[in-house]
Every structure is written in C-alpha cells, then in structure tokens.
Amino acid sequence: MYAQMVDTGLKQVAEATGMSPEESAFQARVDADVKVEPKDWMPEAYRRTLVRQIQQHAHSEIVGMLPEGNWVTRAPSLKRKAILMAKIQDEGGHGLYLYSAAETLGVSRDNLIDDLHAGRSKYSSIFNYPTLNWADIGAIGWLVDGAAIMNQIPLCRCSYGPYARAMVRICKEESFHQRQGFDIMLAMCRGTPEQKAMAQDSLDRWWWPSLMMFGPSDAESVHSAQSMRWKIKLLSNDELRQRFVDQTVPQAEFLGLRVPDPELRWNDERGHYDVGTIDWKEFQDVLRGHGPCNRDRIRTRTKAWEDGEWVREAAVAHARKRAERAARAAA
Amino acid sequence: MTPSDRFDFLLRMGDSTLVLAQRLSEWVGKGPVIEEDIALTNVGLDLIGQARMWLSYAGEVEARGRDEDALAFRRDAHEFRNALLVEQPNGDYAETMARQFLFDHWHLLALKAMERSRDERVAAIAAKSSKEVAYHVERSTDWVIRLGDGTDVSHRRMQDAVDGLWMFAGELFLPDAVDAAAREAGVGPDLAALAAPWRSAVGAALAEATLTMPGDDWAQRGGRQGRHTEHLGHLLTEMQFLQRAYPDAKW
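So the protein sequences, as listed, match chains A and B.
Numbering of the first sequence is given in this note's numbering, commencing with residue 1 and proceeding in unit increments.
Numbering of the second sequence is given in this note's numbering, commencing with residue 1 and proceeding in unit increments.
Bear in mind the hints are in silico, worked out from the structure with no lab data behind them.
The hints are all genuine.
With a cut-off of at most 27 Å between alpha-carbon atoms, the simulated DSSO-like pairs for lysine-lysine come out as follows:
1) B:Lys-131 to B:Lys-112
2) A:Lys-79 to B:Lys-128
3) A:Lys-79 to A:Lys-172
4) B:Lys-30 to A:Lys-303
5) A:Lys-122 to A:Lys-303
6) B:Lys-250 to A:Lys-79
7) A:Lys-172 to A:Lys-122
8) A:Lys-39 to A:Lys-231
9) A:Lys-122 to A:Lys-281
10) A:Lys-79 to B:Lys-30
11) A:Lys-281 to A:Lys-11
12) B:Lys-128 to B:Lys-112
13) A:Lys-231 to A:Lys-172
14) A:Lys-122 to B:Lys-30
15) A:Lys-122 to A:Lys-231
16) A:Lys-231 to A:Lys-35
17) A:Lys-11 to A:Lys-231
18) A:Lys-122 to A:Lys-11
19) B:Lys-131 to A:Lys-79
20) A:Lys-172 to B:Lys-30
21) A:Lys-11 to A:Lys-35
22) B:Lys-250 to A:Lys-196
23) A:Lys-172 to A:Lys-35
24) A:Lys-79 to A:Lys-196
Computed from a predicted structure; not experimentally measured.
Build out the structure end to end from the sequences listed, making use of the hints.
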C-alpha cells in the first residue's frame with residue numbers, strides 16, 4: 001500500500017444501467033475473474049486509475065530506497081550491510097517492474113518520473129519520515145514492508161494482468177524483507193540497553209505512520225467502491241489496517257516493546273484489537289508536503305535525475321553512433 | 001610465507017573490495033537511471049561478499065580472535081591495506097566508472113592468477129570472485145566506452161576522470177616485500193607481470209572510447225603499506241560509527 005487514496009476521477013460508482021455495451025462486457029469479465037490484458041478494451045477511467053495507482057506504488061519503491069540508503073553506509077556489520085544492499089536492490093527492481101506495468105497502459109516511465117519530481121504524483125506518505133537510528137531499518141522492514149504486504153497479497157489477484165503478475169514477484173521478495181526487518185529488531189531487543197532503547201524509540205516513531213499507510217477509512221469512498229468493483233482494490237483500508245494491527249501487536253509483545261497507543265486493547269467480542277484515534281491531520285499534512293522529509297526526498301531524487309542527464313544523453317548518443325556505424329558497415 | 005605476511009596479503013584483497021563496496025553503496029538511490037542504481041548496488045554486493053571471505057580468512061590466519069567485522073570496523077586507517085585507487089571519492093558518474101574500470105581490469109587479472117594459488121582457500125575465493133569480476137569488467141569497460149564515445153560533455157568528463165585517477169593505478173603493479181613473499185610462496189600473483197596485460201586491455205578500451213591514455217606513469221604509492229589519502233579516514237568514520245559508538249553491542 002504504497003498507493004493511498006487513489007482518485008478514480010468518477011463522482012459515483014458506474015452502475016450497470018448506465019453502461020455502454022463495452023463497459024458491461026468489461027465489467028462482466030472482471031466479475032468472472034478474467035484478467036484484463038494491455039490490448040483489451042478498458043474504460044478510460046479504469047486505465048487512468050490504474051496508472052495513478054501503479055505509478056504511486058512505483059515511486060514509493062524508488063523514494064523508499066532513500067531512507068534505507070541513509071543507513072547503508074553505516075550498517076553495523078558486513079552481513080547486515082550485504083542484506084540491506086540486497087533489499088534496496090530489490091526495491092529498485094520492484095520500481096522497474098511497476099513502471100513497466102504502468103507503461104503497458106500507454107504512459108512512459110520518463111513522464112511518470114517527471115510527474116514525481118514536479119509534485120504531480122504522490123508516493124507513500126511513510127517515506128517522508130526520517131531514519132534516525134539503526135533500529136529504523138528494522139522497523140521499516142517489520143512495519144512498513146509488513147503493512148505493504150497486507151495490501152499487496154490481495155493485489156496478486158487484481159484484475160489487471162501485468163499488475164497482478166508484478167505483484168506476485170514483489171510479494172515473494174517483500175516477505176523476505178519483512179523477516180529481515182524483524183530479525184534486526186530482535187537483535188536490538190536482545191542487545192544492550194542502548195539498543196533496546198533505539199528499538200523502542202523506533203517503534204514509537206513508526207507505529208502511527210505505519211497505520212496511516214492504509215489511508216483513512218474508505219467505507220464511504222466512491223473511489224474505493226469503484227476500485228473494488230474493478231477489482232484493483234480488494235479489501236477496505238480499515239480491513240487491511242485491522243489485519244496489520246492484529247498481526248503486529250503480538251510481534252511487538254514478543255520483542256518486549258510497548259506499542260505507543262494507550263487505548264490499544266484486545267476486544268474479545270470482535271476478536272480483534274481496538275486501537276486509539278489516528279491523527280489524520282498529520283497524515284493530511286504529510287500528503288500536502290508538510291512531513292519531516294518531503295523536501296529532502298524530492299530534492300534528492302530530482303538532483304539524481306538532473307546529475308544523471310548527461311550520462312543518459314551520452315548513452316543515447318553512443319547507441320546512435322553504434323547503429324550508424326553498423327548501418328554503414330552493412331551498406 | 002610467514003603467517004603475518006599471509007595475514008597482510010589477505011587484508012590487501014579484503015580491504016580493497018570492502019572500501020570499493022562502501023564507495024558504491026554511497027550511490028544508493030542516486031544513480032543516473034534506476035537500472036544503474038541496481039547495477040551499482042549489485043557490484044557493491046559482490047564486493048562485500050568477497051570482502052567477507054577475504055577478511056574472515058585473514059582473521060583465521062591471524063588467530064587472534066578477530067572476525068570479519070572486527071577487522072572491518074575496529075581498525076584505524078593506517079591499518080587498512082587497500083589500494084589508494086578504491087578509496088577515491090565517487091565524484092561524478094565518469095569518475096565512479098573510471099575508478100571501477102581501472103580496478104576491475106587489475107582485479108580480474110589478479111584473481112585469475114590466484115585461481116592457481118597454492119593456498120587452497122585463496123584459490124577457492126579467487127575462483128568464486130573471478131566469475132563476478134568478469135561481469136564487473138564488462139560493465140565498467142562498456143561505460144568507459146559509452147561515455148568516452150558519447151557526447152562532447154561525456155567525453156571530456158571521462159577523459160578528466162581517467163587523467164585524474166591514473167596516478168593511483170600504478171601502485172597496483174608495484175610489489176613490496178609482502179607481495180614478493182606471497183608470490184614466492186605461490187600464494188599471490190606476480191603483480192609486476194600483470195602490468196602488461198592490464199595496459200593492453202585498458203589501452204584497447206580507451207582507444208575504442210576515443211580517449212587518450214595518460215602519458216605520465218608516476219604512481220602514488222602507500223595504500224598497501226597503510227599510508228592512505230585523506231579520503232579513507234572519512235570513509236571509515238562513517239562506516240565504523242555504530243561499532244565504535246557501541247562497542248559492546250551485537251547487531
């Protein structure tokens with residue numbers, strides 16, 4: 001759920017009565033769980049919504065490399081450094097699959113990246129929080145990747161074939177990322193008092209932003225209802241968040257860490273944990289650019305892109321020269 | 001070959017691969033295009049893996065209870081035995097690729113020679129590493145050619161990068177007493193003998209890249225003897241921070 005609050009561009013959910021014959025046939029195929037492929041006819045709103053959703057997800061993978069990159073040069077052992085490098089490399093790969101999946105919908109990666117740099121498209125709010133100690137690298141794997149998996153496993157069954165297939169590969173790697181994150185937390189919690197304090201500090205800072213990753217309650221959202229009808233969203237934000245909390249709280253207890261929510265308690269009747277009130281103003285602020293790292297993340301990405309321009313130009317120029325030489329040699 | 005010389009020899013391999021991997025990890029999230037970000041990290045990951053094998057073995061040979069992490073994170077700059085070339089800052093993409101190119105060609109020749117090492121551990125590490133490094137050579141050579149024979153801007157940047165780093169390449173081929181002992185024992189390569197094939201491979205790539213091979217062969221020396229440039233201390237300060245600040249912690 002690196003894609004939050006995806007706008008469908010629609011004011012109400014498309015109903016069968018108002019549908020064109022193509023739309024009805026499309027919806028019937030989706031209802032029958034037939035995958036939509038790039039060359040199939042699809043409603044324009046479906047295509048645009050998917051582009052937004054996949055793009056946000058792709059950007060999140062790429063921007064998400066930065067908070068981890070902040071610690072890769074300071075990883076505390078060679079083994080941890082190697083694991084972290086492998087994880088960051090996976091994330092770059094996820095970004096690539098996802099941009100490729102978006103490109104099957106008639107957009108170009110370069111344009112999507114321009115949208116990111118210009119602030120026209122979003123990435124997950126979570127990556128606007130800083131990594132301040134080594135335990136944050138553990139917390140990102142445990143909580144952030146853990147939250148992402150909650151959403152992405154259902155998306156392996158989503159209606160759009162290229163996105164569903166990308167998600168199958170991504171989920172396999174994400175579950176490894178989550179385990180390595182938990183393993184870092186475990187080492188910290190079994191370590192010195194300073195390490196345990198780092199782990200607690202990290203959970204204190206990442207818990208609420210992780211719950212916010214699922215987005216505000218969307219029980220009333222037209223966009224979510226439409227996305228569910230199209231099967232590009234399979235579970236509501238609240239259902240996913242509840243699953244995440246139910247899975248994570250016992251893990252925090254196992255680690256001996258305190259979840260920073262005084263109202264958190266097990267509800268026997270519901271068979272779920274109840275959580276306190278999420279500060280949605282903070283979430284909205286971060287989405288509007290007022291998070292701790294929004295400016296730094298976009299500046300870093302933009303600088304990398306601009307600094308790399310002459311390299312990309314040279315690669316293109318060289319390829320052209322080669323092609324010209326080959327053509328001359330063949331003539 | 002004394003255990004002390006063997007230890008020193010292994011550190012030279014371990015430290016060069018470690019320091020270069022550390023430099024490459026500084027690129028994370030900042031590459032010119034995502035594919036390059038992934039590839040740089042991939043090369044860095046290979047080098048970290050190699051560093052771990054060399055340093056673990058070095059620790060065993062030393063037999064003072066130091067493992068790979070004790071050697072990587074608890075030694076000061078003057079105890080590092082890496083080549084000066086690999087500790088040079090990343091600079092722009094041309095500098096990063098030129099540094100990689102000059103090192104990779106030496107690295108592959110050295111590993112190929114060590115595949116026949118009389119020390120079985122050295123031979124095994126070299127055999128595993130050389131498969132990875134063959135790909136590193138291909139990649140960095142390709143980039144030197146693309147940037148050299150790309151645009152005017154990329155040509156100038158790549159020529160500047162090669163000119164600027166050239167003085168750090170020479171020491172790779174200048175053996176000292178430890179290298180001589182390793183060669184005589186059949187453990188390490190004959191460094192001086194690697195110079196001609198290196199020059200020929202590097203020269204052919206530079207020619208294809210329309211670049212000029214620098215004429216001044218004066219070499220800065222000292223990396224393998226623990227006399228480094230100013231850059232290494234800063235690299236280690238960052239890399240070793242957690243182990244130094246929390247010496248009792250297990251991570």
